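Chemist: Sequence:
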Amino acid sequence: MKRTRIRDIMAGDAIGQECTVQGWVRTRRDSKGVSFLELNDGSTIKNLQVVIDEEYHGGAAPEQQLANGCSVVISGRLVSSQGKEQAVELKARSIEILGEAPAEEYPLQKKRHSFEYLREIAHLRPRTNTFGSVARVRSEMSFAIHRFFHERGFIYVHTPIITGSDCEGAGDMFTVTTLPLENVPKNGGEIDYSGDFFGKKASLTVSGQLEGETYACALTDIYTFGPTFRAENSNTSRHLAEFWMIEPEMAFCDITRNMDVAEEFLKYIFTYLLDHCGDDMDFFDSRINRGVKENLANIVQSSFERITYTHAVELLSKTQAKFEYPVQWGLDLQSEHERYITETVYGKPVIITDYPKEIKAFYMKLNDDDRTVRAMDILVPRLGEIIGGSERESDLGRLKQRIIDLGLNPDDYWWYLDLRRFGSVPHSGFGLGFERLIQFVTGMQNIRDVIPFPRCVKTLDF
RNA sequence: UCCCCUGUAGCUCAGUCGGUAGAGCAGUUGGCUGUUAACCAAUUGGUCGUAGGUUCGAGUCCUACCGGGGGAGCCA
Numbered sequence: 000m001k002r003t004r005i006r007d008i009m010a011g012d013a014i015g016q017e018c019t020v021q022g023w024v025r026t027r028r029d030s031k032g033v034s035f036l037e038l039n040d041g042s043t044i045k046n047l048q049v050v051i052d053e054e055y056h057g058g059a060a061p062e063q064q065l066a067n068g069c070s071v072v073i074s075g076r077l078v079s080s081q082g083k084e085q086a087v088e089l090k091a092r093s094i095e096i097l098g099e100a101p102a103e104e105y106p107l108q109k110k111r112h113s114f115e116y117l118r119e120i121a122h123l124r125p126r127t128n129t130f131g132s133v134a135r136v137r138s139e140m141s142f143a144i145h146r147f148f149h150e151r152g153f154i155y156v157h158t159p160i161i162t163g164s165d166c167e168g169a170g171d172m173f174t175v176t177t178l179p180l181e182n183v184p185k186n187g188g189e190i191d192y193s194g195d196f197f198g199k200k201a202s203l204t205v206s207g208q209l210e211g212e213t214y215a216c217a218l219t220d221i222y223t224f225g226p227t228f229r230a231e232n233s234n235t236s237r238h239l240a241e242f243w244m245i246e247p248e249m250a251f252c253d254i255t256r257n258m259d260v261a262e263e264f265l266k267y268i269f270t271y272l273l274d275h276c277g278d279d280m281d282f283f284d285s286r287i288n289r290g291v292k293e294n295l296a297n298i299v300q301s302s303f304e305r306i307t308y309t310h311a312v313e314l315l316s317k318t319q320a321k322f323e324y325p326v327q328w329g330l331d332l333q334s335e336h337e338r339y340i341t342e343t344v345y346g347k348p349v350i351i352t353d354y355p356k357e358i359k360a361f362y363m364k365l366n367d368d369d370r371t372v373r374a375m376d377i378l379v380p381r382l383g384e385i386i387g388g389s390e391r392e393s394d395l396g397r398l399k400q401r402i403i404d405l406g407l408n409p410d411d412y413w414w415y416l417d418l419r420r421f422g423s424v425p426h427s428g429f430g431l432g433f434e435r436l437i438q439f440v441t442g443m444q445n446i447r448d449v450i451p452f453p454r455c456v457k458t459l460d461f
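Residue numbers for the first sequence follow numbering that gives the first Met the number 0, so the first one is 0 and each next one is one higher.
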């Protein structure tokens with residue numbers, strides 16, 4: 000018999016139909032003469048209640064073995080439930096156990112486990128409500144992101160994972176090598192990469208932006224969505240050594256349209272999530288972080304406030320609120336400042352633009368005041384910065400000067416500079432970390448719990 | 001990398017003033033004709049993270065190391 004997904008059973012009116020379901024037993028409750036199984040197949044957070052009563056004709060499954068965690072094939076008839084917690088239930092006619100899960104050894108109990116413990120059994124944690132929901136939300140969010148860009152004619156560009164440019168400047172890089180580590184060839188004191196696989200030093204990418212710009216300066220509207228690697232020794236609930244990043248890049252686009260697209264982007268994917276992941280979002284809202292749904296709904300409804308960095312500093316200087324870190328023009332805004340502006344001052348998302356050039360990257364377009372650059376950060380309540388972007392410097396001379404001013408070598412950026420030498424155009428883009436986005440929409444506290452197998456400093460267990 | 005907290009049963013935790021350990025849940029056994037975190041009863045289960053030290057005596061105090069968590073910095 001064809002396998003029916005539990006999601007489809009829950010969504011439709013299938014009462015009276017015969018069907019076969021396959022899944023894992025989440026829990027069993029016994030009374031004299033009747034047993035109840037909660038069955039989950041991952042297609043939805045909802046469990047299907049299976050009733051084993053006098054009409055059950057048996058099969059290969061003694062009830063004792065129908066333990067939490069075992070996998071089963073169950074055939075029977077869908078009936079309306081006598082219980083109050085569910086509308087439909089499956090009256091079992093036959094049950095076959097595919098794989099047992101000995102109760103004394105199975106690490107997942109039907110009680111609630113701490114996330115710290117579940118991280119130690121990352122191969123089994125997708126069988127829990129929380130991690131099943133995270134996986135479905137990740138998948139739906141990925142799809143929503145691709146759909147947003149696809150609908151607007153953006154080209155999905157696969158920027159490289161391995162990069163030879165040592166100049167991306169966004170963080171510490173992992174080296175990629177086939178050199179024998181026990182006897183690394185050296186030329187003087189320096190490592191000699193000439194005999195290495197690529198004949199030069201190679202690393203894992205820390206950003207696809209510079210490569211993305213090359214394709215934007217040919218295909219106009221592009222985006223990247225791929226893995227990114229940072230070898231930073233940061234041990235926090237917001238950092239991973241391997242994470243996924245989304246980086247759109249648009250030619251013939253100034254900072255204003257960049258902001259328009261970013262605002263539209265966030266509203267689109269949040270709307271998609273609320274429309275398509277209702278059950279999972281209800282779970283996050285009630286069990287993980289009360290208010291996440293309302294927060295997303297408010298963002299979708301709002302019109303993002305747009306202010307300059309200079310104005311933000313004025314706001315922060317005028318307030319009575321106490322901050323741990325000083326507020327002064329020229330210093331970067333701390334997380335506490337960003338949250339004060341978006342939560343207390345405006346109560347909605349805020350886009351801050353035109354930061355001092357000293358605290359932003361070399362490639363951002365210099366304003367006429369020669370002090371600020373066309374950067375834009377989008378801040379949202381409960382998180383702070385969610386998106387960072389800018390209009391890129393399109394003038395060859397000014398870009399070259401910025402590189403020199405920061406003590407970098409223009410020769411390292413020859414192909415990036417070529418984009419300004421030949422057919423240069425105003426262009427803009429932004430980036431956001433996918434896992435931080437998932438953290439934000441689910442309310443999950445630790446970034447290690449929104450990616451299937453987190454890679455962190457001193458952690459590579461699966 | 002720095003600061004703070006933490007490590008006790010399979011899981012989540014309690015353990016007072018230093019006197020060799022306890023609860024809930026899970027498991028096991030039994031009971032209960034429709035349960036919903038099912039319920040009721042009984043019961044198994046411990047090198048108290050590791051190594052030193054102080055002490056007549058250490059889960060408890062001290063030191064180091066290891067693991068976990070929170071915060072900072074860096075950043076997405």
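No wet-lab data here; the hints were simulated from the structure. Just so you know, these numbers come straight off a predicted model, no measurement behind them. A hint or two may mislead.
Straight-line C-alpha distance at most 20 angstroms; calculated DMTMM-like pairs for lysine to aspartate or glutamate [what the hints assert, rightly or not]: (1) 266 x 284; (2) 266 x 335; (3) 399 x 384; (4) 317 x 335; (5) 83 x 150; (6) 347 x 278; (7) 45 x 12.
Chemist: Taking the hints in turn, state whether each one holds.
Modeler: Checked hints:
no., hint, verdict
1, 266 x 284, "19 angstroms, holds"
2, 266 x 335, "24 angstroms, violated"
3, 399 x 384, "29 angstroms, violated"
4, 317 x 335, "15 angstroms, holds"
5, 83 x 150, "43 angstroms, violated"
6, 347 x 278, "25 angstroms, violated"
7, 45 x 12, "16 angstroms, holds"
When held up to the earlier numbered hints, the structure conflicts with 2, 3, 5 and 6 and fits the remainder.
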